[in-house]
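Sequences are here, hints too, so could you generate the full structure?
Chains A and B supply the protein sequences, listed in that same order.
Position 192 of the first sequence, counting from 1, maps to 192 under this note's numbering, and the rest follow consecutively.
Position 99 of the second sequence, counting from 1, maps to 447 under this note's numbering, and the rest follow consecutively.
These are computed hints drawn from the structure, not numbers from a lab.
Predicted model, so just to flag it, every value in this text is computed and none were measured.
Note that beta-carbon positions come from the ideal geometry of N, C-alpha and C, so glycine has one too.
Zero decoy hints are in this set.
Listed next, the in silico DSS-like pairs over lysine-lysine satisfying Cα-Cα at most 30 Å (straight line):
| id | chain 1 | residue 1 | chain 2 | residue 2 |
| --- | --- | --- | --- | --- |
| 1 | B | Lys596 | A | Lys83 |
| 2 | B | Lys482 | A | Lys283 |
| 3 | B | Lys626 | B | Lys596 |
| 4 | A | Lys283 | B | Lys477 |
| 5 | B | Lys477 | B | Lys497 |
| 6 | B | Lys642 | B | Lys354 |
| 7 | A | Lys207 | B | Lys477 |
| 8 | B | Lys477 | A | Lys83 |
| 9 | A | Lys207 | A | Lys49 |
| 10 | A | Lys207 | B | Lys482 |
| 11 | A | Lys268 | A | Lys326 |
| 12 | A | Lys72 | B | Lys596 |
| 13 | B | Lys354 | B | Lys383 |
| 14 | A | Lys283 | A | Lys83 |
| 15 | A | Lys283 | A | Lys207 |
| 16 | A | Lys72 | B | Lys482 |
| 17 | B | Lys596 | B | Lys482 |
| 18 | A | Lys268 | B | Lys497 |
| 19 | B | Lys482 | B | Lys642 |
| 20 | B | Lys482 | A | Lys83 |
| 21 | B | Lys477 | B | Lys499 |
| 22 | A | Lys326 | B | Lys497 |
A short list of chain B residues far from chain A (calculated; beta carbon distances all over 12 Å):
| id | residue |
| --- | --- |
| 23 | Ala378 |
| 24 | Leu380 |
| 25 | Val385 |
| 26 | Pro399 |
| 27 | Val609 |
| 28 | Leu615 |
| 29 | Arg630 |
| 30 | Glu686 |
| 31 | Arg689 |
| 32 | Asn698 |
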Amino acid sequence: MDLLERIARLTAAAGATGMEDAVAAEVAAQLTELGVEVFRDKAGSVYGKIGEGHPLVLLMAHMDEVGMVVQKVEENGMLRLCKIAGVDPRILPGSRLVIQGREGPVWAVAGALPPHLKKEEEPPAYQWEDILCDTGLAAEEARRLIRPGDMVTLAPEPPLNLLSGRASGKTMDDRAPLAALIELFARLGDEELSCTVVLCASVQEEKSGAGAMAGAHNLCPDMAIAVDVCHAPPPDTPFRTYPLEEVVLCRSASLHPGLFTLLESSAKAMRIPYQVEAAMAAKGTDAWDMAVQASGVATGLISVPLRYMHTGVEVLSLETLANMQKLLTGFLRGLKTGPWEEALCWRD
Amino acid sequence: MLERLKTLCALPGVSGHEGPVRAYLKKELAPLGLKTVVDPLGSLHVRRPGPGPRILLAAHMDEVGMVVSGIREDGTLAYSGAGLDARVLVGKRVRIGTGAPMAFGSFGTSASQGSIPGVIGCKAIHLQKEEEFKRTFPHEELYLDIGAKDKKEAAQAVRIGDPVWFDVEPMELGGLLCAKALDDCIGCAILLELLQEDYGCDLWAAFTVQEELGLRGAMATAHRAEPALALVLEGTTANDLPELSPPKAVTRVGGGAALTVMDARTLALPEMVAALIKTAQRHAIPYQLRQGTKGGTDGGAIHQACCGCPVGGVSVPCRYIHSPNSLASPADIRAAYELARAFLRDQMWNEVIRHA
Chain A
1 MDLLERIARL TAAAGATGME DAVAAEVAAQ LTELGVEVFR DKAGSVYGKI GEGHPLVLLM
61 AHMDEVGMVV QKVEENGMLR LCKIAGVDPR ILPGSRLVIQ GREGPVWAVA GALPPHLKKE
121 EEPPAYQWED ILCDTGLAAE EARRLIRPGD MVTLAPEPPL NLLSGRASGK TMDDRAPLAA
181 LIELFARLGD EELSCTVVLC ASVQEEKSGA GAMAGAHNLC PDMAIAVDVC HAPPPDTPFR
241 TYPLEEVVLC RSASLHPGLF TLLESSAKAM RIPYQVEAAM AAKGTDAWDM AVQASGVATG
301 LISVPLRYMH TGVEVLSLET LANMQKLLTG FLRGLKTGPW EEALCWRD
Chain B
349 MLERLKTLCA LPGVSGHEGP VRAYLKKELA PLGLKTVVDP LGSLHVRRPG PGPRILLAAH
409 MDEVGMVVSG IREDGTLAYS GAGLDARVLV GKRVRIGTGA PMAFGSFGTS ASQGSIPGVI
469 GCKAIHLQKE EEFKRTFPHE ELYLDIGAKD KKEAAQAVRI GDPVWFDVEP MELGGLLCAK
529 ALDDCIGCAI LLELLQEDYG CDLWAAFTVQ EELGLRGAMA TAHRAEPALA LVLEGTTAND
589 LPELSPPKAV TRVGGGAALT VMDARTLALP EMVAALIKTA QRHAIPYQLR QGTKGGTDGG
649 AIHQACCGCP VGGVSVPCRY IHSPNSLASP ADIRAAYELA RAFLRDQMWN EVIRHA
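Take a look at the structure:
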């Protein structure tokens, strides 16, 4: 299975924040195929482990996606939606959606009050109250199959191959990096490692960080690395963005400087193009929560730049994704002989 | 008819680039052995001569879409569109024609031949300022992303002027048909079906071009055909959403064939509306009156041509028309077909055409 196929399989599963079971099953299946021992914690995150001894390195990529739930079934059977996290209602009209109904998935189209009813210079932006979810079902049938609270996500479609080795699809955030981590496990295979590597597909990154908290708390790793996406620049957006072509390593007050140095050394040794992102407080990923669990965890953050985050057409570079996986592979192999404890000590 | 409709909807048919639709229609028409002509604008004309008056049946081949209007330094593409609301574009997949001739092996899944994929994104919500949330991204701020690193790479893959259409395969949704381009592949599919029979009139079928640009193909068509009466087969607006009561809803999906009384371009002859209603009632065909006064069809051009021509509009309600995913009811499609067929078989033109 190549990386794109792993991504395709992972993105085919619906998993809005707090409802990640279908993705968890797919992650478990892919890890089991590799002969990796799999377990799940009470929060719902899925883990796979290889290697023995210390350091214990936790690699975390989240499996939840921004999604919605059904809020109300209207008289005529159309549905009103409520977002769980980070969905922009303006991307919905004209898109296909999937509702996880009582008897299985129900496909639908997002509609909205048509534009031509009011003559205005610039039509107003769609708000949540303008959005309707249309299953095409008769009202009684819709009510029988669908209840308020049912999960709604953008409909899955296989990722698209674009030019320059770029790919586009839904939920690249964060299933593409998750796929790269599974691929990393496949590549390391039976290799003798002098460390323990735990892969965690975490839940609820988009909302509460509950998966990251539980994961770091339960495992008390020697080091933890959140593997996520960051913003690539669409045209006209110069700030807080990073070109698609390079892996991003984050330096921040909320992250461990020694771990950053180890990751950066690996990038340099393997000649992997990278760029450095700096943030006073590196919020918005699992790294933020993992660092403060248990007695404190040395935490790092590595990201793949992504365009159009939280839409159905998120774009990233497959080469950068593969480079990120190589960088981590080199990092883990380096731990075999490297003085990792020394590297994580504070030198004052 | 439904299978043909699905095939048609999967084909690219952006205004001015109706070639793939025209090629498919020609292929489907071939077994009938009727004479076909393609006029200088690209409309496809088919005749089934007969003793009665000349009756024109019209449906347009084009769908709303875009063309590549420029290649930017960063490899993204500027576009120019017609009939598209900018609010349905963000987050959608498109295909972009290379300008190479479309090859036709099999239909349906290989509509993408001679084209490359692209997406329409926008600045991630995390990067938008609060006031930006309240506004719509206008066309000028949107662009197509084909993954190209720079202008040079993009220029090798597309040419300025290449058509751009939504990348969506038709599917069934809760008993309805969900597809792009239902407006007016529905009309084309019905017209194909109507052409299978002889009605005793001088039947002239026209699959027109450039309707979405302002009924342009129909103008030349009417002049060429000089019909005594015309029926226009269309997909029309259905706003049957919870907050909209009947007049604003225009039509209702599942409510039967929609008859045009008036739109932005035409006011139907009372005799025409009466004849269509009478036909529907006689054959127990579900129908509704189209309750909107906006929008236009090829009828707007045809009724003004050749010293005036009575035009009837028989439409199928489509929700989310002009979006990548519009919805229509197979029962309504069937009703529109049955109504047009019964009108012709009963030679109802006799009740409409005014003889001087």
